[in-house]
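*Asks:* On the provided structure of chain H, position chain U as indicated by the hints.
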Amino acid sequence: MDEHNKSNKKLTLRLLMATVAMFGFGFALVPLYDVMCDTLGINGKTNIESALQPQGMVPDESRVIKVEFMAHPNQDMPWSFEPKQALMDVHPGQVIQTAYVAKNLSNHRIVGQAVPSVSPGLGASYFNKIECFCFNKQPLAGQEQAEMPLIFYIEPDIPESIHTLTLSYTLYDITQQSAEPEEVAALVVNDSTQGALQ
Amino acid sequence: MKTSKPESENIKSAPVADADLSRANSAIAVEDDHHHEAPKGIARWIYSTNHKDIGTLYLWFSFIMFLTGGAMAMVIRAELFQPGLQLVEPQFFNQMTTVHGLVMVFGAVMPAFTGLANWMIPMMIGAPDMALPRMNNLSFWILPFAFLILLSSLFTAGGAPDFGWTFYAPLSTQYSPDSTALFVFSVHIMGISSIMGAINVIVTIVNMRAPGMTWFKMPMFVWTWLITAFLLIAVMPVLAGAVTMVLTDKYFGTSFFDAAGGGDPVMFQHIFWFFGHPEVYIMILPSFGIISAIIPAFSGKKLFGYHSMVYATCSIALLSFLVWAHHMFTTGMPVFAELFFMYCTMLIAVPTGVKVFNWVATMWRGAMTFETPMLFAIAFIILFTIGGFSGLMLAIVPADFQYHDTYFVVAHFHYVLVSGAVFSIMAAAYYWLPKWTGNMYDHKLSLLHFWCSVISVNVLFFPMHFLGLAGMPRRIPDYAIQFADVNQIVSIGGFAFGLSQLIFLWVVIKCIRGGEKATDKPWEHAEGLEWTLPSPAPHHTFSTPPKID
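Protein sequences appear in the order of chains H and U. The opening position of the first sequence corresponds to residue 0 in numbering that gives the first Met the number 0, with each subsequent residue numbered one higher. The opening position of the second sequence corresponds to residue 0 in numbering that gives the first Met the number 0, with each subsequent residue numbered one higher.
There may be inaccurate statements among the hints.
Stated by the list, open to error - If we take Cβ atoms under 8 Å as the criterion, some of the chain H residues that face chain U in the derived model are: (1) Met16; (2) Gly25; (3) Leu28; (4) Pro30; (5) Tyr32; (6) Gln112; (7) Gly120; (8) Phe134.
Claimed, not checked - Covered by chain U, per the in silico footprint, the following chain H stretches (three or more residues, Cβ under 8 Å): (9) 52-64; (10) 150-164.
It is worth saying that the hints were derived from the structure and are not from the lab. The beta-carbon is built from N, C-alpha and C at its ideal position, and this holds for glycine as well.
Just chain H, with the same shape it has in the complex:
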């Protein structure tokens, strides 16, 4: 019986360790997910850091790719948020400058963060942003308006099957997340509507 108990204990311990390991694996799925999306170029995630200005890249005049620009303020965020130009035809390899316009319609300061997404997802890795407002937070005071620049190019080796790329920005209210610690307390007191939203 003693031997039984010993082997029971050993196996139980191993299984408990497996349980703990799988709990850890659950959390490891989070970075794993990002790595997978990154390497496979799925999920429509475009580069989150600026790409370098391409050197000696020749625009492919023979191809035209239609690029659509979309903008969504999230939830009840009191901003207007629109592309300056909703649609343009782009040659692969051509460096394009455009902008989005955002206006804070409320009377208090709100920090916005735009998160980009490209559709079709497999086109995302060919869409390179040299400069983008989505790399930074965008604070706007009450009633303030800002033009937010975007410089991008499409890589010339983009698959023939892709004729249209849709670039969509969702704008999130990150006033609370971006607040400095001492600022948080003030915000909670001053800004009860924001608290209710969260």
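*Replies:* What follows is chain U alone, placed relative to chain H:
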């Protein structure tokens, strides 16, 4: 707890039966004399470390939860009896669908299987008890508290969780009621309970088999449970991780699933279904074991293709880790991912088909008799296969775009879970009740229960296929007027199915209280060590391991 009295009377009579037996069969030496007198009344159940007592507790708990979750389904069907809003507010309706799902999955089906494992696995492998009896006691007794916490959230100010049992972010993180914390902690406790149960099952099966009980002599029920237990250990911790992330996202400002903070709500679905898909096999593999025990017993033949059954179970378990994203075809995955998950999902039909054909081959030219457990087992095979086929339809990517989130999905998973898992549990209860209670149950009543159940379950779930194909979305309290007639039929089937289960309660109570004495082996062709024991099975069995040839 009302039934604890007649139960303990049975146990008191047990030593007499023991004495007879030890004279008749020296392989089973019962050492009741060396044991302390078990505490009486409620204390016996609270302190018990006996696998049969704990099995009984699990089974009663599961049945109470089955009725609780069933009552919520009745609210759902009553509201859907007519279009428009009649009885409940939409928000309460959503709470009902959510808690119904949670209670049925974690409170009814999973504990029922754990109860069956506790009762039967030691008796099937010739072990005196589960390997870790104290942990066994703990793993049961934290369960009522988990559900107390979950159900109490129904009475909190913001109401119970209303985001569906799958608790997709951001529904569960940004738009959820304050009771989400209660939900998270109750799921943690349920998870801990089933992980402890799974560890116990594995250690018991690996270390406690009687000498001569080699791997390929184990009954299919033991095999399927062993594999299920590994699945539980692999995925329940991931579920714990998912609810923890929801908790910190909602209350502590993390952004696992919040795009504004750099997270991704679609990632929630990946993590959830990494748990969720193996989970559906956790709820069906033990059924396969039960059916594999019952079909041969009433066909007068050995199980056809025992080895292929074992391998099929293993391959289903392995494949279950490669198919999770078929729940998310409409999230905008790239085509190659959709194809990969589609083909893997369809591949599962192969080992499942092996099982179904093996059962049919076992019945083929057998001397079949149709006692109640066999009727439930045959109904299981037919109805589970229907559920399997609708699953195949859902696996086809372009078709899934139409079926996704419609009543077709509801019909599919209720066919595999109600007329699948629940029917197999009923079959198991009717098969082993004589062994548990020492009495035969009322045959006529059990037949009434079967026919009422099998007819009403089809009236309840079959028309849902048509509702789904016609485009009725799931999880809504109100619907377009053209769905009214079919919904009325579905609701009538629902009420009938709910009431039919009270017959089952009646049968079980009547059987515990008395009835024709059961022989040690009431089913002529039943096989397995449990039938070498007297009926009712004495409190302690196989204190000396049996001889296995």
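*Asks:* It remains to establish, for every hint, whether it holds in the given structure.
*Replies:* Hints, one by one, checked against the model:
1. The restraint placing Met16(H) at the interface with chain U is violated, with a minimum CB-CB distance near 10 Å, outside the 8 Å limit.
2. Contact between Gly25(H) and chain U, as hinted, is supported at the beta carbon level, the nearest pair being about 3 Å apart and thus within 8 Å.
3. Using the Cβ-Cβ criterion of 8 Å, the hint placing Leu28(H) at the interface with chain U is satisfied: the shortest such distance is roughly 5 Å.
4. For Pro30(H), the interface hint is violated, the least distance from its beta-carbon to any beta-carbon of chain U being 11 Å, above 8 Å.
5. Taking 8 Å as the C-beta cut-off, the interface hint given for Tyr32(H) holds, the closest approach to chain U being about 5 Å.
6. Annotation: Gln112(H) was flagged as interfacial toward chain U, and the flag holds, the nearest CB pair being 6 Å apart, inside 8 Å.
7. This hint holds: Gly120(H) has a C-beta 6 Å from the nearest C-beta of chain U, less than the 8 Å allowed.
8. A distance limit of 8 Å between C-beta atoms decides the matter here; for Phe134(H) the minimum to chain U is near 12 Å, and the interface restraint is violated.
9. Under a criterion of three residues with beta carbons nearer than 8 Å to beta carbons of chain U, the stated coverage of the stretch 52-64 of chain H fails, only 0 such residues being counted.
10. Look at the stretch 150-164 of chain H against chain U: 0 of its residues bring a Cβ nearer than 8 Å to a Cβ of that chain, fewer than three, so the hint is violated.
Of the numbered hints stated above, those contradicted by the structure are hints 1, 4, 8, 9, 10, listed in ascending order.
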